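Here is what each chain is made of, one letter per residue.
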Amino acid sequence: MFAKNKLSIAIAVASGSLVLASMQSVQAASVFFPQIAVSENVSTIVSLIWRGRTNDASGNGGDAYSEQSMRNALHYRVYYKTADDNTLPCEEYNYVLPTSPNDIQSFDIGGNMGAAATRGVLFNDPSVNNNWNVTGNDWQMLGGFPAARAYLVVDDRNPRIGTAPVNDPSAYSLAGEAMLIDWNSGAAWTYQAFVQDTDDPTTVSTVPGNEFDYQREKMPNSSPIHVFPLNQFNSGYLVTPLNINDQMAAATNWATGNMVPAMNNYVAQIGFVTNEPGYGPLALYNRDEGGISGTLAPRVTCIGKVRVGELLTQGARDALANGGWGALSARRALVPSATDVNILAPVQPAWSGVTGAVVYKVEYNSGPITIGTELIDGIFNTGELVSPLFTE
Amino acid sequence: MKDVDHTRQRAFPPLIQALPRYGCARLAPWTLLLLTCWVTVTSAAPTLEVISTAGFTWEGVAHRHLDAQGRNWVAYYAPDRTLHLRQPGGGQVVLNSARPEQGASSGLAMTDLAEGVGVLWRDKFPEKGLYLAQSERLDAPPMALGGDTEALARIKALRTDSQVHLAWLGEKAEPQSPLNNIYFRTLDLATQQPTPIQKLMPGLYPTLVQDGAGNLMAFSWYYYGESRRIFARFRAADADGFGEELTIAVADDITPVFNGYHINGHWFLFWGGRSTQEDGNFEYQGASSADQGRTWTPIRFASADFDVGSQSLAWDAGGNIVMAVSGTQKGEKGDRREVRLTRSADNGRTWSPLLTLRPAKLDKNYDARHPRVIMGAEPGQVLVVWEDWREIRSRVYCSFSRDYGQTWVLDNIPLPVAPNTNLHLRYDNDPLYREGERYRLLVTQALDDALDQARLLEVSFTIADLEEAAQQTRTLANTATDAVTGLPNFSEERLRQRATDYWSGMTQQAFTITYNFLDPFYRARYDLMGYLKNLGRIVYKDYVINEVRIDGVRAEVNGLVRASVPAFRSPGGATLSQPEREVRIRDTWLWMGDDWYREAVDAVENQRITRY
Chain V
1 MFAKNKLSIA IAVASGSLVL ASMQSVQAAS VFFPQIAVSE NVSTIVSLIW RGRTNDASGN
61 GGDAYSEQSM RNALHYRVYY KTADDNTLPC EEYNYVLPTS PNDIQSFDIG GNMGAAATRG
121 VLFNDPSVNN NWNVTGNDWQ MLGGFPAARA YLVVDDRNPR IGTAPVNDPS AYSLAGEAML
181 IDWNSGAAWT YQAFVQDTDD PTTVSTVPGN EFDYQREKMP NSSPIHVFPL NQFNSGYLVT
241 PLNINDQMAA ATNWATGNMV PAMNNYVAQI GFVTNEPGYG PLALYNRDEG GISGTLAPRV
301 TCIGKVRVGE LLTQGARDAL ANGGWGALSA RRALVPSATD VNILAPVQPA WSGVTGAVVY
361 KVEYNSGPIT IGTELIDGIF NTGELVSPLF TE
Chain Y
1 MKDVDHTRQR AFPPLIQALP RYGCARLAPW TLLLLTCWVT VTSAAPTLEV ISTAGFTWEG
61 VAHRHLDAQG RNWVAYYAPD RTLHLRQPGG GQVVLNSARP EQGASSGLAM TDLAEGVGVL
121 WRDKFPEKGL YLAQSERLDA PPMALGGDTE ALARIKALRT DSQVHLAWLG EKAEPQSPLN
181 NIYFRTLDLA TQQPTPIQKL MPGLYPTLVQ DGAGNLMAFS WYYYGESRRI FARFRAADAD
241 GFGEELTIAV ADDITPVFNG YHINGHWFLF WGGRSTQEDG NFEYQGASSA DQGRTWTPIR
301 FASADFDVGS QSLAWDAGGN IVMAVSGTQK GEKGDRREVR LTRSADNGRT WSPLLTLRPA
361 KLDKNYDARH PRVIMGAEPG QVLVVWEDWR EIRSRVYCSF SRDYGQTWVL DNIPLPVAPN
421 TNLHLRYDND PLYREGERYR LLVTQALDDA LDQARLLEVS FTIADLEEAA QQTRTLANTA
481 TDAVTGLPNF SEERLRQRAT DYWSGMTQQA FTITYNFLDP FYRARYDLMG YLKNLGRIVY
541 KDYVINEVRI DGVRAEVNGL VRASVPAFRS PGGATLSQPE REVRIRDTWL WMGDDWYREA
601 VDAVENQRIT RY
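For the record, the sequence lines run as chains V and Y. Under this note's numbering, the first sequence has 353 at position 353, and the numbering climbs by one with no breaks. Under this note's numbering, the second sequence has 593 at position 593, and the numbering climbs by one with no breaks.
Hints in this document: simulated from the structure, not taken from any laboratory. Just so you know, these numbers come straight off a predicted model, no measurement behind them. Some clues are possibly wrong.
Subject to a maximum C-alpha distance of 27 Å in a straight line, what follows is the list of computed DSSO-like cross-link-like pairs (lysine-lysine) [said to hold, decoys possible]:
(1) Y:Lys361 to V:Lys361
(2) V:Lys305 to V:Lys361
(3) Y:Lys128 to V:Lys305
(4) Y:Lys128 to Y:Lys172
(5) V:Lys305 to Y:Lys364
(6) Y:Lys533 to V:Lys361
(7) Y:Lys199 to Y:Lys124
(8) Y:Lys361 to Y:Lys330
(9) Y:Lys172 to Y:Lys199
(10) Y:Lys364 to Y:Lys330
(11) Y:Lys128 to Y:Lys199
(12) Y:Lys124 to Y:Lys172
Beta-carbon label-pair distances, calculated as ranges [said to hold, decoys possible]:
(13) V:Ala116 to Y:Asn534: 49 to 57 Å
(14) Y:Gly241 to V:Asp84: 52 to 60 Å
(15) Y:Glu59 to V:Ser127: 44 to 52 Å
(16) Y:Ser227 to V:Asp288: 24 to 32 Å
(17) Y:Thr407 to V:Glu384: 49 to 57 Å
(18) Y:Gly91 to V:Ile376: 35 to 43 Å
(19) V:Asp84 to Y:Asp148: 32 to 40 Å
(20) Y:Glu59 to V:Trp325: 14 to 22 Å
(21) V:Asp288 to Y:Ala290: 35 to 43 Å
(22) V:Pro89 to Y:Ala377: 39 to 47 Å
(23) V:Pro89 to Y:Glu492: 39 to 47 Å
(24) V:Pro89 to Y:Glu467: 55 to 63 Å
(25) V:Ser387 to Y:Asn534: 28 to 36 Å
(26) Y:Thr407 to V:Pro89: 46 to 54 Å
Computed far set for chain V versus chain Y, every beta-carbon distance over 12 Å [stated by the list, open to error]:
(27) Arg51
(28) Asn133
(29) Trp183
(30) Ile225
(31) Asn264
The beta-carbon is built from N, C-alpha and C at its ideal position, and this holds for glycine as well.
So that you can see chain V by itself, here it is in the shape it has in the complex (with noise of 0.2 Å):
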């Protein structure tokens, strides 16, 4: 659906008038880490790719590099926070840097792994086409805090000039992955960043499009997941609430590399809402096919983690010693009253809705567990992104 809506959009641009297709439009493109960690023992590793250009209608690659002052560089807006509350927003920091085309470039965002004299960037990447190494360039963002969480926003401020483009998935410009790693035990974790490879910045618009546009990654609602026991393994789930599309500042500040307006506290309500069809909600189903009420469904304010007992009230925790499933939701819970935008509306938005977070579940043990009649003696640690394969 999404596709469909860009593809009619571009077309209806590139049928439109020549007016339409010879002005100057920027097309640009953006990268999400939604989930950055560091402390004494986590670093995060961000790998970051620049294609350097997008193809034409005709599909044709490279296009005239007109605007050197725009061009071989990278936006990156980190949004952190040092305390471990899910109710404060993020700081904020907002750096260019350079890169060149087809360049990756990896680094230690938490500034963990004596890379110092490289400014933080890693595995001997040589300063040539991509200058980086220059004073006051540093890729360590994270680096002097004892544990940060964050999320990460790189975008290419590629204005580019020519023909229309079209949305053809393969000429994406920037991609990335990150690597969470803990020193003490080894345990590693890895995603693939999100992007967002389209049009026009310059207009403020109400439908999926927009560069900083990440609606379509947020999870579901509701998303059945299993629990385990609550006893022998950690669960969590780290949330990185979402904007929606209508909230955008204009193309302006974009371009002059200011932060675009509440980026930092967005705030998601995630929960247990599993719904018998037709009928009411409940928190979880225990294994017994007994279901169970009681959720809790706390805030997240620009980024966090909430631990599963968090979202479930005690009574419902006794009743769930072996674990169960139920249906996680996230909801967009930044609706600013009317009078003073600090503080909350009373009516806030359904469950069901566009708006919500990413969120990715998280599972270790806290110590050998025997499963069945096996003992596990090691630890695990395992993140997934919760995103059943079904569309609302």
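Since the structure of chain V is already known, use the hints to place chain Y on it.
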């Protein structure tokens, strides 16, 4: 039905076999003396009997019930899913299928019968359904009573005269009907004939109460659609069926704490409901009716944001009601469970504030769970027991009042039985009862600090035993002394020595030694090889203690150490390292009765294995 010969097991087993694995030799001498009391049954000291001769687990399900003659019966699930009934004389029988390895039995309810007790559970052998076994009819197979209701494991049963009334949750799919409904039928004990199954009301939590005169009230929470509410249906003793639905309260969401009573002519229901705050935090609520449910008077406890997890209540004929709950005060850092108590002297019309039973400082640091309340032998006497973690290992603590809980003549006294061995109370059974002056409590005892395998015990004691325990000095703090230095192990000097020795071992990578400094909960999960396998890559040197703060059985030791990570290969193939730098170390040390132990904490998630 199997009749297992438990005769040999009824005799007290050799002491070494009976003891759980807590490193008996490391316990303070006086506790060893107390443990020997297990084989001596006297009326002047607490006694302890092992019920679960077939084995048990920390989360194991067990119920007890008195029959019409006042004799106590206990039903419990062994780890192999066999359902055992312990008879008053001590013999045990297996009630469920001859194929327990299939593991299909679940749920448990008990009721007294004209003679003996009835035990109900859900099973799929010989066929899927709800089963009733009667203790005086064990020669007959269990009665299948669930019909085609697709019975689930929530079952309630009670007796009025010669009838047993059953309510259970079923998930029989029917068109135009919610999936979850509460079903009802009655069994005539004389004829052994059940009435037809009645689909009583939609809901999740079957709750059935009687008033002693044959009248019944069934409660439920209707969670469907827009009109989620709590409601009841009343059945008069002489009526053929239940009356219309009687709305008690609007309830958008409730917790599984949902309990009904009949007290001195009034019907009561208590539940964990939502407060009126926008965020919807839970608040403990109730309602009462004096007109057989036609009208209900709300009961609100000043308990904003207090998330109740379990509840217990006792009353007398004079309208005195004492209720204890455990729960968590939301909004505070951490997730500590407290036990709180409220009283009514006017049969539930008004209630005292819901106040903690323990010193406030304990509520911040150590869990307390699942209180149970019982009236004593004399008017005004109330005993409250609960599971308390203030000693790091869980223990049963008690408070006793002679004025219905207004004041406590015995306040926060540890039950003088099996100290330092992790005792556990369940949230969903009725483990406490009284025979004259003697109280009996069903309690789970873990076999070690892994909190997995356990034993089901019945502990009996008197108030005099608690009074004597109150006179004794709390021993965990100050009995053990170091064999070499002669210093009391509880001292700060000893703690500093332990912390220094531990970090000395870490510096020298003498990990077979540092393992023994870690708390026993960790060591119960990880053996030495497991510890060695999961050691990290950080290399330490030059540890220095900056500050020591002892607070009861917990202490914080703050120090500095230099740490580095030598080069290693990451899972992705990259070579990583970390240069040496100074790191602040904040360790928690726990006094476990014989010495200080460092609390093991997962550095990434800040999770510990201890459970307090």
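Structure-based check of each hint:
no. : hint                             : result
1   : Y:Lys361 to V:Lys361             : violated (35 Å)
2   : V:Lys305 to V:Lys361             : holds (10 Å)
3   : Y:Lys128 to V:Lys305             : violated (42 Å)
4   : Y:Lys128 to Y:Lys172             : holds (13 Å)
5   : V:Lys305 to Y:Lys364             : holds (23 Å)
6   : Y:Lys533 to V:Lys361             : holds (26 Å)
7   : Y:Lys199 to Y:Lys124             : holds (21 Å)
8   : Y:Lys361 to Y:Lys330             : holds (17 Å)
9   : Y:Lys172 to Y:Lys199             : holds (10 Å)
10  : Y:Lys364 to Y:Lys330             : holds (12 Å)
11  : Y:Lys128 to Y:Lys199             : holds (18 Å)
12  : Y:Lys124 to Y:Lys172             : holds (15 Å)
13  : V:Ala116 to Y:Asn534: 49 to 57 Å : violated (30 Å)
14  : Y:Gly241 to V:Asp84: 52 to 60 Å  : holds (56 Å)
15  : Y:Glu59 to V:Ser127: 44 to 52 Å  : violated (59 Å)
16  : Y:Ser227 to V:Asp288: 24 to 32 Å : holds (28 Å)
17  : Y:Thr407 to V:Glu384: 49 to 57 Å : holds (55 Å)
18  : Y:Gly91 to V:Ile376: 35 to 43 Å  : holds (39 Å)
19  : V:Asp84 to Y:Asp148: 32 to 40 Å  : violated (52 Å)
20  : Y:Glu59 to V:Trp325: 14 to 22 Å  : holds (19 Å)
21  : V:Asp288 to Y:Ala290: 35 to 43 Å : holds (37 Å)
22  : V:Pro89 to Y:Ala377: 39 to 47 Å  : violated (60 Å)
23  : V:Pro89 to Y:Glu492: 39 to 47 Å  : holds (42 Å)
24  : V:Pro89 to Y:Glu467: 55 to 63 Å  : holds (56 Å)
25  : V:Ser387 to Y:Asn534: 28 to 36 Å : holds (31 Å)
26  : Y:Thr407 to V:Pro89: 46 to 54 Å  : holds (49 Å)
27  : Arg51                            : holds (22 Å)
28  : Asn133                           : holds (19 Å)
29  : Trp183                           : violated (6 Å)
30  : Ile225                           : holds (19 Å)
31  : Asn264                           : holds (22 Å)
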